[in-house]
Each structure stands twice: as structure tokens, then as C-alpha cells.
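The task is to assemble the complex, starting from two chains supplied on their own in separate frames and drawing on the hints.
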Amino acid sequence: MSGELTRMTAAELSAALRGSDVSAAEVTRAHLDRIAAVDDRVHAFLHVADDEAMVAARAVDARRAAGEELGPLAGVPVAVKDVFTTMDMPTTAGSRILDGWRPPYDATITTRLRRAGAVILGKTNMDEFAMGSSTENSAFGPSHNPWDLTRVPGGSSGGSAAAVAAFEAPLAVGTDTGGSIRQPAAVCGITGMKPTYGGNSRYGLIAFASSLDTPGPFARTVLDAALLHEAISGHDPMDATSIDEAVPPVVAAARQADVSGLRIGVVTELSGQGYQPGVLARFAEAVELLEALGAKVTEVSCPHFGYALPAYYLIAPSECSSNLARFDAMRYGLRVGDDGTRSAEEVMSLTREAGFGAEVKRRIMLGTYALSSGYYDAYYGKAQQVRTLIARDFDAAFGQVDVLVSPTTPTTAFPLGERADDPMAMYLADLCTIPSDLAGNAAISVPCGLADGLPVGLQVMAPVLADDRSYRVAAAAEAAFTQRWGHPLLDEASGLERLEQAEPRGAGR
Amino acid sequence: MTTAGTLVPYADALSRYEPTIGLETHVELGTRTKLFCGCPARFGGEPNTQVCPTCLGLPGSLPVPSRTAIEYTIRIGLALNCSIAEWCRFARKNYFYPDMPKDFQISQYDEPLCTDGWLDVTVDDENGQRRVRVAIERVHLEEDTGKSLHVGGATGRIHGADHSLVDYNRAGIPLVEIVTKPIMGADAAAPEVARAYVAELRDLLRSLDVSDVRMEEGSLRADVNTSLAPRGSARLGTRTETKNVNSLRSVERAVRFEIERQAAVLDAGGTVTQETRHFHEDTGITTPGRSKEEAQDYRYFPEPDLVPLAPPREWVEQIRRSLPELPSARRERLKAEWRLSDADLAALRNADALDLVAGTVAAGASPADARKWWLGELSRRANETGTELAGLAITPAQVARVAELVTSGSLNDRLARQVIDGVLAGEGAPDDVVTARGLAVVSNDSALTGAVDDAIAANPDVAGKIRSGKVAAAGVLVGAVMKATRGQADAARVRELILERLS
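Taken in sequence, the protein lines are chains A and B.
One point on numbering: in this note's numbering, the residue at position 285 of the first sequence is 285, and numbering is uninterrupted.
One point on numbering: in this note's numbering, the residue at position 72 of the second sequence is 72, and numbering is uninterrupted.
Just so you know, the hints here were simulated from the structure itself, not pulled from any lab data.
There could be a bad hint or two in this list.
Said to hold, decoys possible - Coverage of chain A stretches by chain B, computed from C-beta distances (three or more under 8 angstroms per stretch; other residues unrestricted):
#1 195–208
#2 321–328
#3 373–380
What the hints assert, rightly or not - Computed cross-link-like contacts, DSBU-like style, restricted to lysine-lysine with a CA-CA straight-line distance of at most 30 angstroms:
#4 Lys243/B x Lys335/B
#5 Lys483/B x Lys470/B
#6 Lys483/B x Lys382/A
#7 Lys361/A x Lys181/B
We put the CB at the ideal spot given by N, CA and C, even for glycine.
For reference, chain B alone in the conformation it holds in the complex (with noise of 0.2 angstroms):
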């Protein structure tokens, strides 16, 4: 068990040092190919399965790159607002591993295919909401690696193993790499400037559709690099670069964590090592990995199997016409069309529930509806049963049928949920539901009078209340008959019902 050693409490921390992130994006590109060959790209299957002699890196195998996967680059930079490399090359990064088939990795290195470009992120502070403007560096494109697991020993790791296997069915997919400037003037907000960085590039790349973006499977990779300065320095200071963040709430823990530890360091006259290290999940520390002293030369040069990559012009601006509407400018109009203020946006875009919502709003729900059921019981079950919204069984077109039987009065809130309910549990579309759970809305008085009576007559006491003009007490009554009726009174009609006979 390792311990987070001394910290510095972040106030403190950020009262004597500035501190400057930099952000490296991998993701795999949901490209049905690899990079280099015809093999499938899908995530999974039994090992070593889904191989060829070229991702492989058999003798005399050569590597032929895909056109898709040069598009879906090229619709990153040009959506994170890059410049598109007229001409450049594929280079080779040279290191010995048993999980790289070739042991050297087609990447690129001093000519990537996008440069220069930038993506603004919102984050909230003291006084609303801040706009911060990212300014990105370089996005690349190169091939995955295979995967190692080393079996026996206790922690799973290469230490203490007993033997390793090797996978190779993820070399050789593709992967962009977004590296970002360094991000200064953050100041305290740099943990949170970190993490909407990293959730608005999810959404910008999810709306692309060039990958299923999923943190947790590793389809979205993110690196954090971290450094502190004295307030008032000109220089920057030495940088950690912290893997294995692999959510969206990890990105904002690691960096706070590296300032406290940074801080701490740099206040005992020490100085941080630039090195790599590693975040754990759960305990909200990073530990030290390979330190960048030891770090090998890569000598990167210019991959002589390939021939250089010069996208035509005509095929660059026919992707960017082919561009979707991206996240930010559809929500603005979003934020518009449904009348949301900043904190409206701001709770939707952290459910996680803006295409969910927009999507009910399509099926024919108010927005306001669709807000409602999303942001109120649907997150509720999500959060009991630990998924994501978008994970629920339910689907935004029966979310508007839901909304819609109550608008209509078929179904009271209270019914609403049974429904839901029976969706979640796979009894079928609300409709459904409905029938079969025989749940319906009862207006009629006939059916109601009994009822209503037979509270009375139970409650005496609060009878007597509201015949000498307690009316608020008539909730007590309303309740037992909607026990009594199993929740399918109309309780509007119930109460109206209640106050003529007591009048």
C-alpha cells in the first residue's frame, strides 16, 4: 500500500504556486479496420484472434494505411480548429517491449497530419461561468499497441509475475494523439479546467462519431501532465505526466493531487522529478512510474515502409463540409430553444443527459418534461443501480410516451414511475406498461365517492379539522384514499371531492 506522502492543502498550495497542465488525448479511432492492415478494430475478443502477419510484425510484413482512419484525423483537427499538414510523414518510435510486435510503434513525431489548433472549455468559478480557450499543439496518428497480462504474483503487475501473455489483437489500431500547449493561468481552477477539457473532447469527438469515447474501456486515453511555479516565476517548473486517469473525475483528482504533492516538495526545498507517474483510482494518489532520466532515445525517423501522407486540398474542405454541428454551437442553441439558464446547462451537461434530453425533446416532450424525468427519477435509478443514464433501459421516445400520459392525465406522477419501472425491467414499451400493470388515472366520482367516504368516516379527528377551515389538513385524506385505490386516484378530483362534503 502506498501513501500519499506529505501534501500541502491545496488553498495553501495555490496561495505560493501557479500551476500549469498540459493534457495528452489517446483515442482509438472506431475505425472498422486497423491502421496498417484488414484486421477488425473491435474491442475485445478471444486473444490473438484478431491478427495478421503485418500487426503481427511477421518478417517481410508490410504496413498500408487507412484511408478512414487519415479522415477521421483530419475531421479532428479540423473540428478542434487545426491546421491540416499539406504534406507529412509517418515516423518510427524505436523501443524494445514484448506487447509492440515490430518493436518500434508507426507513429508520428516532427511532421504530424494536424497543428495549431484550440477548443474552449467552460468551467464554473465565484462569479458564473469562465470560458478558457485550450490552445492545442498537435494531433496525431498512430498504430496501438498489444496489451501484456502477467499472471501469477500479487499485484498483477510485471513484478513478481510468474510468466506474461501477450494480446495482440489491439496492435495495430488506430489511435489519434491530442496534445495539447501548456495551459497556464488556470490558477485554481486548473483541476477543473482539466476535466471540462477532457469532457468537452469526448462530447467534440463523440459528435464526430470517430470513436465510442469510453474512458472506462480505455477507448479514450488521457495523460496529465502538471507543474508548479513560484508566483511570480517566469519559468515554468518541471512536470510530472500522470497516466492511468481514466475518468473524467480522476482527470480533476490527479491534478489536484500532484499540486498538493508538487507543493509540498518544492516548500521542503526539494525539487520535482520530471518523471511519469501513476494515478490510483482508489486512493486518489499518484505514485511514481518510469522516470524520464532513464527514459530511452526513440530515435524517431521517417517510416521508410510508407510513402509520405499529402491530403488534396478538395478532399481536406470536403471533410470540413462534411463537419456536424459541434457540441459547443449545439448548445448554444439548445441552451436557447429550451430557455435554459448557465446552471440549467451546466446540471444537464454533468448528468451526462444532453443528447438523452434532446432526444426525448425530439420524440415530442417539453423540454421541460424531458429535463424533469431525466435529471429527477431516471438519474435516480441510474445512480442506485450504478450505471450511466445513457446506460438505463429506457429509451429518450419512451421517456416522451411517459411524459406524454401524464400531460394527458392518463397517468399521475406517481403512476409515471410504476411505468418506468416496468420498462427498466423489460416488461415492454410505457404503453405496455400500462396495460398490463392495469395502471390508469381514476377521475370518475362514482368510483371515487366510496372511497372518500370511507376516509372520512376512518379520520374523524381530521375531518372535524377541516370543517372548521383547516382546508391544508385535507392532505392526510387525499393520502389514504390514494392508498386505498393503489395510487390510480386522480388526486386533484380527490381532494375537490373531499372539501364539497366537508364544506
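Bound conformation, chain A alone (with noise of 0.2 angstroms):
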């Protein structure tokens, strides 16, 4: 049975809780069991809350025996990026410098879960502070990618991707700044949504680039994630970019999950040089598809994406340098030499350099210098300019078509500690998904097939506030290529299958 709960999609948990077919607690216990039996290997968890999950899922079984009507999402298991503040859990966004920070108050974003019925299963592995695109950064070593426990799950997001890849949790949070949800749902082979930009609260996100970052959804379905972001959107009035409209009816549009008479654009500049072969093949026939659907598909230019790359990279680490001033070692987290002799400043000089990782600092000195009194003009004004050049591009494109497409990522998932000691590499990973984050457009990455036996990543860039269309048209595609392939791309993970020979007898109560 228990076996068998971790395989079922949320949706597929949702009516088997509602139709008292199996209880929270079940559910809860087979993905604990799960964890228990394969996160060594894939460590895609930082903390796992065993008694707290148990403890909410009894609570919701509670509810529902007493006749309570309870949303979709109640009973059903969810996994949380370590960047959301948790009161019952440790939060540490992957940095030593707040190893064993217990907040005082929730996130937004786990506060909807929590009054949603959803259960809490644990806090995600991430790069620290959300930088990278590998896990690797994380100071608690990196996460493992389900398909080859060999290569990268992605960033910076990747515990959230690996756990739901793993069959650990049906559904994720995750929060995306230049690609950081849908570059890791796109090489673990699941689905990611990037909203768009104030659709969803930042409020007790820990903070990487203010102007970018995005909760949203991972699952193994178009329609779980629809229902997860559902779950989740919405005004909050302790965020102020948040905004102020109705969620768009994102479960609605993943239910239709149809294209006809949709105008897609393939963008010309995310192809060609640099670009995994298997990659492109895979996305021309997702584009194909498409068409055969009843899609209607044009080529569309957006002549500043290719500017987008170093626009962001002066952005986000001016915001970070800000950002991540305030881990100065006075009110909580890491403090190191603190004997009685040292000035706070030392203190707070000798905080950082023992806590924050390489990367990590390295941004910081990145932002520190754009920011810089002569530099200012030169980089953080010009890369807004930029920033407004690929918004209009957006404008422009959406005036021709409805949705845009591209690959989510140039490559498949590459081998751990590939890419490591080699920051341009690394950034490169993002390069598809970084315009949507400084247009704050939405974006999701739908599986569509392998290449050398990997996933690959199928994006779809809808307007602002027009988060359905993403939903649709990945919902459409997901159809189509599960019914080519007969079954699930995750199927496949070739990965998964040796977890579930070492997976412990006896697991499968």
C-alpha cells in the first residue's frame, strides 16, 4: 500500500482522502517511509519533520471525521524549500550562516499550506541563499538527481525537484529567481510554474533578489501543480509588490488542457549555439506536437533576450548585497569570534567569512561593486535599462502570439561537480529562464522526452497575470506525450529503479 500512496499524483490523493479510502496519516507515513528508505541517496531533504507531519495529518483526519469540508490539498504531503520560513522547523536557505535558526514566525506561503490541510513533510535542500543552478552551493553538501544519483538535480531549487522526482512528496515548493523551479523540474523530468511575478508571497521568503524572486509549484503533474499554486496565490497584504487581482484559474485551464487555435511563438534567440542537440530535437518535436494539436505556430524574435544573461547577474547580486547585509551576527544565526575582544564589526567581518559560501560571496561582491559610488550608472542602471528592453520584447511578442516556447534549459542535468569551479558554466543553465524573471511574466517547464537519457524541459512563457495559458498548454502537451510514450516520463528513471532495489524490505506496509 505504501508503495503504492507514494506513486499516486496529489490529485489522485485528494479524491482517495476525500472518499475516505485511505486517511492523511496513511498517506503521511508512506511518504515519511519513503524518505526514510531513499533520502540518504538523493538528499533532498535538510530536516525531515517527522512527529510535526504526523501531527498535522492526524489533525486533518480529525477534521474530516468530524464532517468538516476540506480543500483539495488537505491530508496531501507536501515538501518546502528551506528559503520559507517555518515556526516548528529549522530554516537555514542552505547557509551555514543560519544553521539552526529556528524562526519565530511562518511564511506566507507555509501558512496557506498549512490552512490548506497540506502536511508539512520537511525542508528542502538548496544552494545557499538560492544561488546556483546545482545544489552544489548548498552548505549542507548537494543534492542528488533521481534519474543518475551522479549528476545534478538542478537549482537552486533541486531538493524540492529531487524529492518530488524521487517519489518522496507528490508536490513541492520552491521559489524561482533565474530559473531556480523550472531548470531543476526541467532536468529531474516534472513539471515547475514560475508565476508570475506578486502573484504569490514573498512574505518570510528569505530574500536572494527581491524584484525576482517567485514562489511556486513543482509535481509530477501540469494539474498537481495547478493545484498546489493554487493553493498558495493571492493577495497578502504583508507583501507589498504583491498584487492586489484574482488568481488566475490556473486548475481550471490545466483541466482544459487544450491548444487549438492558440497562437504559439517559438523564440529565435533561445536556440542554436550552445545547445545540447538532444535538446533541440526534443523541443522541435514538442513544438510539432503542438502544432498537431490544432496550435498555431509562428517563429517570434525578442532581439534583447541575449542581454538578459548579464542583466541579471548585475541585478540580482546588487539586490542580494542588500539583501544579505543583515546577517551581521547580532540577533541570530552564526556568530564567530565573539570573545570580548573583537569590535562588532569584527565580529560581524569574521560572521560572514566563516558563514557564507563562495558563491554567495562572490555575488556579494559582485552587487557591492554595480552598486558602487561611479560604477552605479554603468551596471545596475544599464542592466535596468536592459531589464525594461526585455519586458517590451515580451510586450512585443505577446501583441503576435499568445504563449512562447523554448527549451527550459540548453542541456540535460550534468554530472556533479562538472560545472563547480566554473561560474559562467554554471550560469549558462539559465539562460531560457532568466527573461521571464526580469519581465515577472509567467513560465512552466513541462517534461517532453529525453536525450541520452535524460529529461528535458518543454517552457511556456505566458503575459503577466495570464498564468492559465501556461497551465493549458502544458496540461495539452503532457497529454499527448504521455499517450506517445504510453506512461509518465518519470517511468523511466533509470536512477529510481536502483533506489527501489535498495529500498528496504518491509517498507511496503
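Shown next, in the form of C-alpha cells:
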């Protein structure tokens, strides 16, 4: 029973829970068992909240038994990226500087998950302060790709993606700043959505780059992602950048799964040199498939997308250099060198030296430089102008087509360690995802096949507040592909088979 | 103990140099909550009890601006004749300090909410009074920092302290910064202009009801910039910025001291260092603080956690319509209504008695009586006890009642002072004190004749002088009667009775 429960989608679990075919406690127990069985190899989690999860699950069961009308996610387990504050669990953002910190408050996303009755299994691994594309920048060791444990699961939300792909959780929450949801979703063969900026609250999300950070869902199906999206979205008065508008009808769009008559634009600039041939081949097949389903496909040029990566690597580090200043050893987290002889400034300096990893330091320095007097206009100022041009490219493109498509990443999952010492190579993993972060529009990644045995993602970008369009196209592609393949893509994950063989006997109670 | 160093006498300094001043004033707004969170914005409180994740800058916390704080800032801007931005942004000012929870301050940089205004002030000069228009460069909104407390060591400052404590109650309280343009041409009156500006600003802010504007408690803080240029020079000199100027008198003293000090530096062929200086209330001197040369690069950039601020025009106009009568207009009106000279008005302002007198007049007293009591007896009491007039335990309505009792003849001035004693001592309202102490003028002849006869009998020499026509000597006998009646006799009637008897 346990094995079956972890293979079920959130929608299936929801139906089973509603029909009282299974209890939330059983579902939660099954997932905790799965985590216990496989996570020593996947390392998706930084913290597993066994007790808290079981308490939450039993509470849902009690409410259901009392006849309460519960939402679709009541009793469904979810993994939460360790960048969201949780009162009952440590929150580290993957950094030594916050090792052991227990926040005194819940993030809005956390609160909404709890209100929805979703059962939080624990906190997932991530690149330190969400800076990276592989989880190798986590202070607590990398996560592993369930398709091939020697490869990265992407990042920065790699732990969330790996947890879902390894059937440790049907759902996970992550954040996307430059591609940190879509890229790991793509390389782990699952669905990941970056909603419109401002559609999901950032309150309690430990900031990397405030103008870019966007919480969003991971799931094994497009419908599941939409269910989670709907549960966590909507206006939050605690976040001044939160949009006060109705949440787009994402669940209905995922169920509609129809692209007939839809105008789809292929972005000229997001292909060609530097892209793995297998990735381009799967992408081309995906476009053909959508055309066969009745979409009208054209090619659209977004001339400034080529400048997105450099602009991003000025804006995001600039904001992070300021956002991460507060980790100064005065109020919480690590404190180094406070032996009674040193000044506050010295303690700050020693703490930051010891507490931050190399990539975080690199970005703080980049950003400090870009904001400096005399350099601001040439770097931060110019990057903001580029950002405006990219948003205009999107506006012009969405004047011609309903959605834009591209590969989610230029390559499939790369081996652990391959790019760890080459920041530029690492940064290129986010080439296709960054434009939507800079412009703030919605974009989803959905599996579109394998290249050299590893998953490839199709990215569907939609205008600001038209998140439902991304779901509609992704769901149509998912349905057609699943029919063509005869099974979900994840069934082909070879790393998982090895994991299952290693799963302790008796775990399937 | 720091010393003043070499100074040039003020008149000498002014004969060779022209001063330019500028003021940066910080006003703590009297909003119910802090600027970016719902914590109470009260003064005081047990350390670190008025805090939340946002004003502590905890990871993940976010600021949400207070509409009231923005409205108050616009009120101030409009009252200072500023333009209100149609679109502006908050900016981050980045620097590390333990009492700054986020290690950056949310402020405004190149896009302030209010710009280009002015405030008229008046100063005394040899020809009476002079009006000076002070140009306002900008008015912007920002958050306050926490407070560091350095424990141990001799000075209470960071050097030599055993350890430091930080109280974040103040962190996030809304502050409005009001910056003047350089004030040139004030010449020898520069210290008075600086003081008059801060005084006028304080009155204005008080009338707007946006702050309690108490300099001693730090809800109004002035930084004073001073520079000197050789007479006839077209260029401004290097300025210093003096902080810790916590009273109107200190504003004036700080400018005067800097003029005398900078003149000495320049006379000796030196150059004035651009720096922050610290004013010492006890000695009246300034000493160097942080040098601007080692000042940090604040790396200002637009605050990405907030959306741009675009106050709708109709809102701004609504705020403009709701502005109260401003102090300058009110003073002109009262001056006319009360028939005051410039000097009368200046005396009222200097004593900070205008509101008290106005309140007393409103409660029925004549303007002359109201002024007499507040500037006379009550000012003396305030001086004696070292409090402000407004801090005395007597209300304008009570003062009006005392004046009324005198006018009606129920009290004379001496008795009235006893009534005031009683009110200040907490014995109740004036009528209660009159009853309790049995204070009333005795004017019926039968009650007085005995005392008059006793006084004449006891002072035969004086009585003789009066009989011989030296009527002025009657005062001695009146005094004796008043003493005998414990001040309750109607002195005028006593005098009549004495003269009748001795004519």
C-alpha cells in the first residue's frame, strides 16, 4: 500500500482522502517511509519533520471525521524549500550562517499550506540563499538527481525537484529567481511553474533578489502543480509587491488542456549554439506536437534576450548584496569571534567570512561593486534599462502570439562537480529562464522527452497574470506526450529503479 | 575634557568672513504604528518589546508602508510650500551598524516625496524685525534606527565600553527629514536665523499635529551645517555638519561657535575639514566626529521590496484642504486681534506662551490679562521650577478664571497669586482654592476700620506726615493694614479710609 501511495498524484491522493479510502496519516507515513528509505542517497531534505507531519496529518483526519468541508490539498503531503520560514522547523536557506535558526514566524506560503491542510514533510535542500543551478552551493552538501545519482538535480530548488521526482513527496514548493524552479523541474523530469511576479507572497521567503524572487509549485503532473499553485497564490497585505488581483484560473486551465487555435511563438534567440542537440530535437518535436494539436506556430524574435543573462548578473547580485547585509551576527544565526576583545565590526566580518560560501561571497562582491558610487549608472542602471527592453520584447511578442515556447535549459542534467568551479558555465543553465524573471511574466516547464537518457523540459511562457495559459499548453503537451509514450516520463527514471532495489524490504506495509 | 581651541571673536570673524548655514531636521512622526509594520511607535517602553519580524529585519520579513506616515509627510511638504512628487520611490541606504536591523535603512534618495518649498522666519536686528525666506530643498520619509547603549567605561560612548546593548523599539519609527537649501546673506544674524528656522519649523509641525516635536526627547533633531567664505568670495567654503543639537538655544550656540572656530582655522591659513561634529551642551563647543573623507559609500538603490509611491492628485488636494491655519498666519491674526506690537509678539513667542495665552483668551480672559499672567507670575514659577510654561500644572481655563476673579474684585493680585499657588500645588480649581484657603477681598468698612485705627495708632509719626499733607506716606499704613488682614483687605478702600480719618 505504501509504495502505491507514494506513486499517486496529488489529485489522486486528494480523491482517495475525500472518499476516505485512505487516511492522511497513512499517506503521510508512506511518504516519510519513502524519505527514510531513499533520502540518504537523494539528499533532497535538510530537515524531515516526522512528528510535526504526523500531527498535522492526524489533525486533518480528525477534521474530516468531524464532517468538515476540506480543500483539495487537505492531507496531501508537500515538501517546502528551506528558504521559507517555518515556526516548527529550522530554516537555513542552505547556509551555514543560519544553521539551527528557528524562525519566530511562518512565511505566508507556509501559513497557506497549513490552512489548506497540506502536510509539510520537511524542508528541502537548495543552493545557499538560492544562488546556483545545481544545489552544489548548499552548505549541507548537494542533492542528487533521481534519474542518475551522479548528476545534479538542478537548482537552486534542486531539493524540492528531487523530492518530487524521487516520489518522496507528490508536491513541493520552490522559488524561482533566475530559473530556480523551471531548470530543476526540467532536469528532474517533472513540472515546475514560476508564477507571475507578485502573484505569490514573498513574506517569509528569505530574500535573494527581491524584485525577482517568486514562489511556485513542483509536481509530477501539470494538474497537481495547478492545485498547489491555487492553494498558495493570491494577494497578501504583508507583501507590498503582491498583486491585488484574482488568481488566474490555473486549475481549470490545467483541466482544459486544449491548444486548438492558440497562437504559439517559438523564440528565435533561445536556440542554436550552446544547446545540446538532443535538447533541440526534443524541443522541435514538442513544437510539432503542439501544432498537430491545433496550435498555430510561428517564430518570434526577442532581440534583447541575449542581454538578459548579463543584466541578471548585475541586478540579482546588487539586490543580494543589500539583502544579505542583515546576516551580521547581531540578532540571530552564526556568531564567530565574539570573545570579548573584538569590536562588533570585527565579529560581523569574521562571521560573514565563516558563514557564507564562495558563490554567495562572489555575488555580494559583484553587487557591491555594481552599486558603488561611480559605477552605478554603468552597471546597475544599465542593467535596469536592459530589463525594460526585455519586458518590451515580451510585450511585442505577446502582441503577436498567446504564449512563447523554448527549451527550459540548454542541456540536460550535468554531472556533479562538472561546473562547480566554472561559474560562467553554471550561469548558462539559466539562459532560457532568466528573461521571464526579469520581465515578471509566468512560465512553466513540462517534460518533453529524453535526450541521452535524461529529461528535457519544454518552457511555456505567458503574459503577466496569464498564468493559466502556461498551464493550458503544458497540460495539452503532457496529455499528448503521455499518450505517445504510453506512460509518464518518470517511469523511465533509471536512477529510481536502482533506488527501489535498494529500498529496505518491509517498507511497503 | 575637550577644549574649545583657538577662536576668533564673533565680530572679528564676521568682519572677514561671510557665513552660510544649512539645516537638516529629523522629525519623528506621531503615527500610531511604525513606518513599515504594525508595531506601536511609542516613545520609551521596556527595551525590545515593541518589535516584530519586520522591524527586527528578520530573514524573510518585508516592509509595508504606512499610509498615515505618507499622509503626514505630504502635510508637512504642503505646509512648507513644496511640490508633491507624482511618482517617487524609497531607496536603500546601505551601511553596517548593529542598531540597524537590516544593515540598510529604507529612506529616499534622488526621488524625495516633497521638493522645492520655503519657510519664512523673522529675526530681530538693529532696525526691528527682519523676515528671512528659507528655501527648502526637500522633505522625505525614512525609518529610524534602533538605539545602542554602551555599558561600562567612563564616557557612555562606544570606546572603552565593556559591552553594548541594542534596543530596537525605535527601529522603524517614521522619520521625516527636512533639508534647507544653503541659507546665504544672513550674515551676523546667521545663528539667530538658524534658531528662528528651527523654532518656526517646530511651531509649524505642532500645528500640523504630525509630531509631538520635543527636542529634548529627540522627536525633533537638527543637524546644523556651517561654512565660511572670505567676504567678497564667490565660492562657498567647506562646511561642517554639527549633530547632537538638542535645543533651540543650542542651535544658535552651535552656529556661533562654528563661525568663531572656522574663522580661526582660516585665519591661521588652514583649511576647514569637511566633517561631522558633535555639539556639547555643557561647554557649548563642537568636537570632530566621523570625517566625511572616510565616509562610506551608501550604495543607494531603489528599494525593491516596495512599489513606487504615486500619491493621487485628488488625495494631495484633499490633504491641502485639510491643513489647519498655519502659525505665521495665526500669529498675524492674533497680533491684530490683541493689538500687539512686534516686541509684544516676540516676547510671547520667546516664552513659548502664544498657545497658552490664546487658550486663556478663548476661556474668557482679556488678551492683556492673559499675557500679564503667563509672561509674569507664571513665567517666574516656570523659571523657578525649571519647567516649560506648558508644563505647569495649571490650564489656560484656570488662568482665565483667576483673571476673572481679579476683574470682578473678588481677588486682588496678591490673593490671586495665592490661588495660583494652590492650583499648582494640586489643591484643585481656582474656586476650590479660594474656598479652602478662605481667600477673598475684605472691603466692608466695619471689618476694616478697626485695623485702620490700629495702624494709625501704631504709627503716629506717619500719621502726622499724612495730616501735614504728605499723602504719599499713606502707603506705609496701607501696608500695615494689609499685613494685619493677611492680604485680604481691599487695598484701595483701605487707603480711602486712612485718608478720611487723617484729613
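Do the hints match the structure? See the list:
Chain B is given as covering the region 195–208 of chain A, and this holds because 6 residues of the stretch bring a CB closer than 8 angstroms to a CB of that chain, at least three being needed. For the region 321–328 of chain A, the proposed coverage by chain B is satisfied: 6 residues have a C-beta within less than 8 angstroms of a C-beta in that chain, meeting the threshold of three. Coverage of the region 373–380 of chain A by chain B holds in this model, with 3 residues showing a Cβ closer than 8 angstroms to a Cβ of that chain against a need of three. Proximity of Lys243/B to Lys335/B is assessed by CA-CA distance (about 35 angstroms); at most 30 angstroms being required, the pair is judged violated.
Our distance criterion of 30 angstroms between C-alpha atoms is met by Lys483/B and Lys470/B, whose separation comes to about 22 angstroms. For the suggested pair Lys483/B and Lys382/A, the alpha carbons sit about 89 angstroms apart, so the restraint of at most 30 angstroms is broken. In summary, the hint linking Lys361/A to Lys181/B is not supported, as the alpha carbons are separated by about 41 angstroms, beyond the 30 angstroms threshold.
In terms of the numbered hints stated before, the structure departs from hints 4, 6, 7, listed from lowest to highest.
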